[in-house]
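Protein chains in written order, with this note's numbering: chain Y, 1 to 288; chain F, 1 to 235.
Since no wrong hints were added, every one of them can be taken at face value.
Incomplete in silico selection of chain F near chain Y, CB under 7 Å:
# : residue
1 : L55
2 : A75
3 : F76
4 : R91
5 : F93
6 : P94
7 : E100
8 : G105
9 : S108
These are calculated hints, taken from the structure and not from any lab test.
Owing to the predicted nature of the structure, the values given are computational and were not obtained by experimental measurement.
Ideal placement from N, C-alpha and C gives every residue a C-beta, glycine not left out.
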Amino acid sequence: MHWLNIILQGVLIGGLYAMFAAGLSLIFGVMRLVNIAHGDLIVLAAYIALMVTQALDVSPLTSLLLVVPLMAVIGYTLQRGLLNRTLGDDLLPPLLVTFGLSIIIQNGLLELFTADSRKLQAGPIEVQTFQLMQGVWIGILPLIQFVVAIGIIAGLETLFYRTALGRAFRATSDDQSVAQLVGLDTRHIFALAMALSLAVVAIAGVFLAVRANFDPAIGPARLIFGFEAVVIGGLGSMWGTLVGGIVLGVAQAIGAQIDPGWQLLAGHLVFLAVLAVRPQGLFPKVSG
Amino acid sequence: MPDAPLLEVKAIDAFYGDFQALFGVSLTVHSGQVITVIGANGAGKSTLLKTIAGLMHPHHGEILFGGSPTTQLPAFEVLHRGVALVPEGRRLFPSLTVEENLLIGGQSRRPGPWTLGRVYELFPVLAERRELPALALSGGQQQMAAIARALMANPVLLLCDEISLGLAPVVVRDIYARMPHIVAEGASLVIVEQDIMQALRAANHVYCLQEGRIALHGPAGELTREAISAAYFGV
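Start from the sequences and build out the full structure, keeping to the hints where you can.
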């Protein structure tokens, strides 16, 4: 029962990692941009949620009504104003620019909010649990987080394969110049993809900030978890990303049980093992 | 006095980096015309079409479509004005199905005669294979799908780049047999071809490009084969 509990907690935290990864994977899929600032944008969303909850005296989950559209607008503007200019045949400029953006966000947050740890208070729901079976307990909040993660993945999957916008995303990803020839403004399509990515980032940021303490410096580690979930799951597959997040979460939970110092190490080791044995990931969709 | 031209290309120069691909090329298309541009490999035919479609921009010269300049417009805006390009090598979107390729061709929502139903009537084989991934089609079917995708934008001017490339002659004939239907629905055509006989049969007016310059042009019936050979090969 003890180990079942551990694995279940790992699965539920995997939902959060899948949320980190989904936005990252979406951006790479549509425009081949590796967003090094992704983790810092998650932390930025957490701070925006902190300000919203304090200013309006609302719960973190309610603050999403404001934080999600706000992050989407930031995403659209960031892409149109900055990142579109870095895209081209060379992969290096977007890497360098998002790396710089990462540093700017970290230091900006440090300047504004200091290095103190913060947390979003969600109230009694944070500690509520229910008994799944004899000896197995599930937290309400981790469960909500996991269900939301599944909802996001299902939503993105539907959007990509069932809507006109998703068709435009896939076409632009296939061939930018032909996408223009059928009348798609690729700059606008990229900006919409970034808006969508940061909307997901907003949700991830709020759940992160409710679950644990955060400070301006924790972004890069979230980026790594996101990357690892994407790679374990297989590039280009949204459901694979969810599985990747779960594998990472379970590995960390088991590692932490063996020795608290092994939590992160276990996750990285599983990631390396997948990379060594099955470099295309568990559910690859993009070939070549 | 004839009516105002649909498309006027006025003395354009186009470059790939330092390499000049077009030298003062001019071309005029009137409404309802089928223009063919012929020339050897590397003569600048595709460059000319890409420049008209807005994928490239000329360093000098001007392009007027329907009387207004499109010289510096990006390709997606040129499409919205009514100029569609069937690119060389088909270039269907591999991760979209056949039908999705057609739907995305129509996403500009330009009004006109062409709908999903009408392009399936023109190319019935595409209707049978609508659910397949685009690259599961044969070469000829892919070319049909690429033409159908461009038609879905209801173009006033349809640019076709090397439709016959890599296709069996019988398939090429089959595709060219549909062209009169497209013209009958009100589109004008600019067709780029290496296959001179095919080009002469389809066209009202022929332009011959040689090393980036117009070497010869005239009504299709008035050009002798000797003059065309001379302009084509530069002998």
